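Line order of the protein sequences matches chains A and B. Note that our numbering numbers the first sequence so that position 351 is 351, with each residue one more than the last. Note that our numbering numbers the second sequence so that position 84 is 84, with each residue one more than the last.
Each hint should be verified, as a subset may be incorrect.
Unchecked claim - Here are a few chain A residues that face chain B, going by a calculated C-beta distance under 7 Å: (1) His392; (2) Ala428; (3) Ala449.
Hints in this document: simulated from the structure, not taken from any laboratory. Nothing here was measured: the structure is a model prediction, and the numbers come from that model. Quick reminder that beta carbons are idealized off the backbone N, C-alpha and C, glycines included.
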Amino acid sequence: MLCLGQPPVQYPAPDCSETLPRMKPFRIGAGAGYAGDRIDPAQALAERGNLDALVFECLAERTIALAQLRRAKEPGHGYDPLLQARMRAVLPACVRQGVRVISNMGAANPEAAGQAVLAVARELGLPRLRVAVVTGDDVLGWVRAHDVALMECPSATRASELGERLISANAYLGAEALLPALATGAEVVITGRVADPALFLAPLMHAFGWRADDWPQLGQGVLVGHLLECAAQVSGGYLADPGHLDVPDLHDVGFPLAEVQADGSAVITKLEGTGGRVDRLSCTAQLLYEIEDPARYLQPDVVADFSGVQLQELGANRVRAWGAGGQPRPAQLKATLGYRDGWIGEGQISYAGPGARERGALALEVLAHRMRLLGLGGAEQRAELIGVDALHGPGLGADRTPYEVRARLAVRCTSREQAERVGQEVEALYVNGPAAGGGVTQSVREVVAVASALVPRQAVQPRVQVLELVA
Amino acid sequence: MIMKLQDIAIARSGDKGDRATLSVIARDPADYPLLERLLTAERVKAHYDGVVRGEVVRYTLPHLGAVHFVMHAALGGGVTRSLALDAHGKALSSAILDLDLIVDQELGPEPRTPQAQQAASKPASPPGATGKPVTPLGSSA
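So that you can see chain A by itself, here it is in the shape it has in the complex:
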């Protein structure tokens, strides 16, 4: 029987001093590096990884805002669209082997996600399952009520200036918020916004009884989390450069796992027989990926220090990582705000053969005139030739002449109708533009942008609710 919609159960934070320290390594795997990631490598990890925990990190910066828009249209939705597919792939093995599943796939609706997981369990015929749902990251009300100051927002300095354009505000919860969920013993933990490495740090704290103020220890746990959070990016994905750096069987790159010791040192590795490579280069590239000051990696639970991290190749596809430090956690939490930011209209058209580049350039000239006629001459726009200067502008490599180019025009617009005109003008080059343009595509998209803000810790009140499937 499905027991849904029960009143939330509040669990006290576990007293870690009473937890017996675990001595054998904790095996933790990464089941996704982003929302759309492959599923079969996660299933392989679940089945053959001999894991203690499998973590799916699936929330990019604006994913929650987009999910919030979906939830507004359909109240039962707003969680990761691949949640069910992932659970179908890994739950049988995870339940059979006692592998805990932890994920932020709850996105804008963790409760509905938890219920969806139970529904999958029932569909799979699993005898029982408990799903702990962690909420409390939603700080939209707080942000509005306190009119927080915005960071990294070109169009507003305070939340109130965004008005109705503001869609979502979610604070980055830390491992601290996940520990009560792990303490329930639930096989699956579903959250919304949580700092990515904290999804890994929490089960390590839970397993080893690390104290919440043991900063160097937490820093080491964050290191493990950061190395794993982008999945294959540490195990040979995003690395191959033919002729310079070969990666075996890239089509079957294995997702990583870490064998973590009680002191937090860890061996990063992957399943035997999978593609990819785990070595000093793959691990260093991921270690520094999207880190700013390596000595101050700000997390909700700790300011981690990666500046002294050591990586040692132990053998084929095995790298030991240790040496991270930590300083006391920041006073405030970072929150990400999603807001509507107008529209982008875009069109593309290709030219090939002799004079391709010149015809592409002429196409862009024609379009510039047309944009002026449409009153879009002053709009922020990018007009460029893919194959020449679209990625890095006119300075880098733009002096090389390719066989084919693709003219691209993207314009920031204030309405959908305006944005539609951009692609239509590119399409009109078929009949009205330079010779032999082909393959027009056009797109219109509403921009959901993000800004950041700092909120005090009391703005979040994490809560755990356990949903249970009972045979």
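Mind docking chain B on chain A? Use the hints.
For chain B alone, kept in the frame of chain A given last:
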């Protein structure tokens, strides 16, 4: 003799709002001193002229064989609202690998292949290139 940075290093870029991160990692740790000497914040900023509008901050990690950069105002106003084809700046890393290494000047008097260089003595670190912290940076610093 001219080599490319691609011959001795790998690179990866990522995004943080309107900032791009860029790490350059020596394939052979013995080549790290060359990266540290060659890839100053100023040279990286000049290489990305027109792409990176803000300052470039460098961090050195000698024990990892890596230099790491944070490039400000590099992503068209921010990933989520950018008009760029590569809004995340994922492909930015490839551009730095195109940097020419003029072997006579950069690697020392003897033209050397990367393999030969492994066996050769390491170039001395310049003064001030001591380790982790932040080196000065960008034209404004």
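Status of the hints after comparison with the structure:
A hinted interface residue such as A:His392 counts as satisfied when its beta carbon comes closer than 7 Å to some beta carbon of chain B; here the least separation is about 5 Å, so the hint holds. Given the 7 Å rule on beta carbons, the hint for A:Ala428 is violated: about 21 Å separates it from the nearest Cβ of chain B. With 7 Å as the threshold, the beta carbon of A:Ala449 comes within range of chain B, its nearest partner Cβ sitting at about 4 Å, so the hint holds.
Hint 2 from the list above is the single one not met by this structure.
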